[in-house]
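Spelled out, the chains give:
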Amino acid sequence: MSQTFDEISSQLRKRHRRSARLKWISMGALGLAGLFLLWFFSDMLGKGLPAFQQAQIQVEVDYNEDASRMGRAALDPDLSRLVSRTFERMIPVQIRENPELLGTSETRWVLANAQVDQYLKGHRHKLNEQQVVLVDELLAEGRVELKFNTNFFTTGDSKMAEASGILSAAVGTVMTMLVTLAIAFPIGVMTAVYLEEFAPDNRFTQLIEININNLAAIPSILFGLLGLAIFINFFGVPRSTPLVGGMTLALMTLPVIIIATRTALRSVPDSIRHAAFGVGCSRWQVVRDHVLPLAMPGIMTGSIIGLAQAMGETAPLIIVGMVAFIPDVGASFTEAATVLPAQIFTWAGEPEKAFVEKTAGGILVLLTILIFLNATAVILRKKFERRW
Amino acid sequence: MQTNQLLAMFSGVLLLLGLIAFFLGRAKAARVRASGTAMYAQPDQYAWFAVLATAGPAITVGAIGAFLMLLLGAEIPTLYLLAGSLVIAAIGLLVGVSQVKPDFHARQAIERGIRWVLVGAAMISIFTTFGILFSIIFEALRFFKMHSFWDFITGTVWNPGASFLAAAGRAEEGATGAQFGSVPLFAGTFMITAIAMLVAIPVGLLSAIYMAEFAPSRVRTLAKPTLEVLAGIPTVVYGFFAAITVAPLIVDLAGFLGIDAAYNNAVAPGVVMGIMIIPFISSLSDDVINSVPDSMRQGSLALGMTKGETIRDVVIPAALPGIISASLLAVSRALGETMIVVMAAGMRPNLTANPFEDMTTVTVRIVAALTGDLEFESAETLSAFALGLVLFAVTLSLNLVSVLMIRRFREKYRVNNL
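Taken in order, these protein sequences are the chains called X and U. Anchor point for the first sequence: position 170 equals 170 in our numbering, and the numbering is continuous, going up by one each time. Anchor point for the second sequence: position 409 equals 409 in our numbering, and the numbering is continuous, going up by one each time.
Only chain U is shown next, with the shape it has when bound in the complex:
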């Protein structure tokens, strides 16, 4: 029998057992109560406890068995595993129904069961983080076995070349030519991120200043959600916009100024990414500026400073940790942004300082390495995980620094809603 059918049968039988447990438990509890004995819990609670006792251990055993099978490669036939789980379910049913006694706290027992289920759900987020970490590290290590870590970090030539031949067992035919120096990729990433920040930080910060300090409340309630729309547009749409509309415009503009620009230059994705990031910076900065205590503004105005001077010399310096934190978050977002650069930036690793040339980024190479028809074991495919590891480390540290900054701001001004 197929695994799918087995699973369907398993669920069906388990459901049936659960129903039996529910009605048996309730009937027994009702009987006991009808005989005039006082009970600790309601009949329905005994019934639910019987259901929990039936399904809980069975599902746990099934899940652990399946996990062991995958993790350790232990050969437990699916049929035996599921049958075993069902036997446990039947035992659970008997125990659950036999526990329907006047002096048994069914409600507390349910409570304990539910608590464990909730803890299990909360663990998923931890598993996810570790899943990301382990999957990336594990595959990245395999990559670093083939190519040295030092060359990866400091090499200036990224040329996977014919590395896929090595995985196919034909190493002598040209795998020696493969070079994995990630410097050009990171240079491209930082160039595009820098352009994005040049657009996003001034526009976002000034918009936030206007909304927090100058704008009448009507403008504010309208402008904030409108800006948020910019953040809600899918990145693939921005990518299309950058490639079809902005890039030709940049080429024309550059041509007008007498500069030669490639159609997949770094400026177009950078500018569009900047537009996308404006609301991140503006909305967080707006919150931070708003939570600078009004007493500071009043003090400054009382000393005869103009509104502009108050903002420049008092409000912004006070809000600086928050603003820096917003900018760091924005940088981390720009570094990991994928679709815009995949669609609008180049594919050629190019170490240059000229933003009008085509250049590629870390995320573009990750996508390129994993969408080809290459063998998973090949160095090029695994290089995606090595790049992912660096990306993870960089964004993680940026996020942590950002959180620390905002916490410092919060503690300084005792603000709780940030």
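One chain only, chain X, in its complex shape:
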């Protein structure tokens, strides 16, 4: 059966329309993924940015006899319900440490409690009507204000939302990452050097290679089980500490560093090795003096990316007990500590509404650090990458 030109061209049109449709649909899919990203970031910014501001209130502090036993007595009874309890608790301590204060009084800005804070930010609050009127009056007089929340960066966790900060978690993260790097970096680089430069191609080498690829794909929570069963129960490493957390994360980061290092070593051209061998270097001298320095930028990039990955990891740390209430900044690798993602997890579980913005604020800090790390890695690669 023969077809007329009209039929054929209409068929062609149809086929081309279909082709165009695929293009638009696939473009839409990419756009959808981009939209997800946009939605996520705008949501986090909207929820988290208010956390960097905190309500403060100007009060008359009267250091009298009663206040040395119960801090609340130093304040006007109406206002004292609006002030953070952490401040009230500190008054007797201050008087005890500094007896001259007794009998004096001063006007100062102090931390308001979470309810005032939430009211000022227009969120749901638990103030009663009188208190709302009072806060409005104070606001008109300029005695209540939203100020930059330095507290958030200078204190540890607290049961009171207005006084809680991320410092102890940030310090914990730094210590944990130090342990992770100290273990994963040398072992990872040495493994990669062995596999690329020294190892003969035999069964043993293949076994190691399969192992590494496999380790990279194992769910992170299983590393937590390993940490619990081997490090804590068997070797007796103290629980909840940066030491055990860092060791667990090091095993997770190891495959990332190994794979990155191998790629970097492989990109060093063989002519360099031949030249070095030609002037009489031994294998180790070739690696140490020529191949490793040339591969260093690639190794650093991979390590930073692995570090960023470890920094955001939570599940294995929960298993080894690093989700703990840590109000004070830790000072040693064998003391209980918490890390930023674990702090976020803890805050996300708090029933009080004011913790939602703390959580989102912590998330913003964590994301900023991660973006900074990844950007560093990209810049390192751009700057030092050599095409041979």
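Hints in this document: simulated from the structure, not taken from any laboratory. Idealized CB from N, CA, C, for every residue including glycine. Be careful, since some hints might not be right.
Some chain U residues well away from chain X (every beta-carbon gap over 10 Å; in silico) [to be verified]:
(1) Leu24
(2) Gly131
(3) Ser217
(4) Ile233
(5) Ser282
(6) Glu309
Below are the DSS-like pairs computed for lysine-lysine, each with C-alpha atoms no more than 27 Å apart in a straight line [said to hold, decoys possible]:
(7) U:Lys101 x U:Lys28
(8) X:Lys23 x U:Lys224
(9) X:Lys23 x U:Lys28
(10) U:Lys224 x X:Lys14
With chain X's structure known, arrange chain U on it following the hints.
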């Protein structure tokens, strides 16, 4: 004395011995050379060999001793062990320095030492895998001694109940009620994984097709890293996002459609997990589609097929092994994902086909079992390892199948960079 102080002293003395070895070795070699004798190696190499001879055996002996102590419970006092190691270090120092002779190949000796150190480092990754395997299997076996394997695999009721009483020696008070049937947990896991895949596979695959086949190169260089950002966001952040933002939205949407949804429904964590997994699928599929040989596209276009038909009937079928492999990796990732489900999915084991109900997953139960104040010996704590064992087996086999698929693709088209 405390173990910490002992260790510090040990390291200090060892460092000192190492320094002595270095300078003694170098001085002796320099002396020999100054006397006009030709030597096989440089003075510094003799010095480093002396250091290796001092520290290497001592550390090895110390490590083996410590390991034996932990593994076999052999009672070697730490003091004697470390003192013994130091004696060995001193002997090593003497041997090392006495080896500084003109006809000794110090460089080759160092080379051998370094090779062993590197092999040792490479062994760590093997130890890790076996460590995971043994720790899980060992504890899981203890669990299966208390509760039968068959009930664990086929039981439909997960109710640890008062099983912790048994570990406390009060079994008669209610431990009989404990039931460990893992089917509801796996049902929940697969439900959430399925939802995640429903989001991730279409979006990821179509994005990959767009980036590989349609997009101008400028869009491509911009879109790829942007998508990677999705993979770099920590899972705990996704968990918060799912619980605070997405779950209420799902509840409202479901309410609008007249469906009753729980706040910890399975859809919210599923969708968010899907978003997280998009870049895994898109970036691997993109690589695979790119490595389908251009001759196949040209052949198809030459026969008069449109671009869309070429993609659908030629490129995608050719890239299918790679795409399946990417999807399997994504599934294995979704099965083991923990934080999103811990924060956004339910705690109640619930065997249901309705994704708007709350349900729990394997990883949630593992976390729940190991974060309580329970005795480690209790059946509930050990059940976490049994669940971990199944998780390990499933993800391992998915990974292996995925690797096999990609290898087949690679061999078929002789692609080397995948």
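Results of checking the hints against the structure:
Every CB of chain X is more than 10 Å from the CB of Leu24 (chain U) (nearest about 23 Å), matching its label as outside the interface. The beta carbon of Gly131 (chain U) is not kept farther than 10 Å from every beta carbon of chain X, the shortest such distance being approximately 5 Å. For Ser217 (chain U), the shortest C-beta to C-beta distance to chain X comes to about 14 Å, beyond the 10 Å cut-off, and the non-interface label holds. With a closest Cβ-Cβ approach of about 7 Å to chain X, Ile233 (chain U) is found to fall inside the 10 Å limit, against its non-interface label.
A Cβ of chain X approaches the Cβ of Ser282 (chain U) within 10 Å, the least distance being about 7 Å, so the stated non-interface status is violated. The non-interface label for Glu309 (chain U) is inconsistent with chain X: the shortest C-beta to C-beta separation is roughly 7 Å, within 10 Å. Between Lys101 (chain U) and Lys28 (chain U) the CA atoms are separated by roughly 9 Å; this keeps the pair inside 27 Å, and the hint holds. At most 27 Å may separate the alpha-carbon atoms for a hinted pair to count; Lys23 (chain X) and Lys224 (chain U) meet this at roughly 17 Å.
Between Lys23 (chain X) and Lys28 (chain U) the CA atoms are separated by roughly 76 Å; this puts the pair beyond 27 Å, and the hint is violated. Pair hint Lys224 (chain U) plus Lys14 (chain X) does not hold up; C-alpha atoms about 32 Å apart against a cutoff of 27 Å.
Checked against the numbered hints above, the structure violates hints 2, 4, 5, 6, 9 and 10; every other hint is satisfied.
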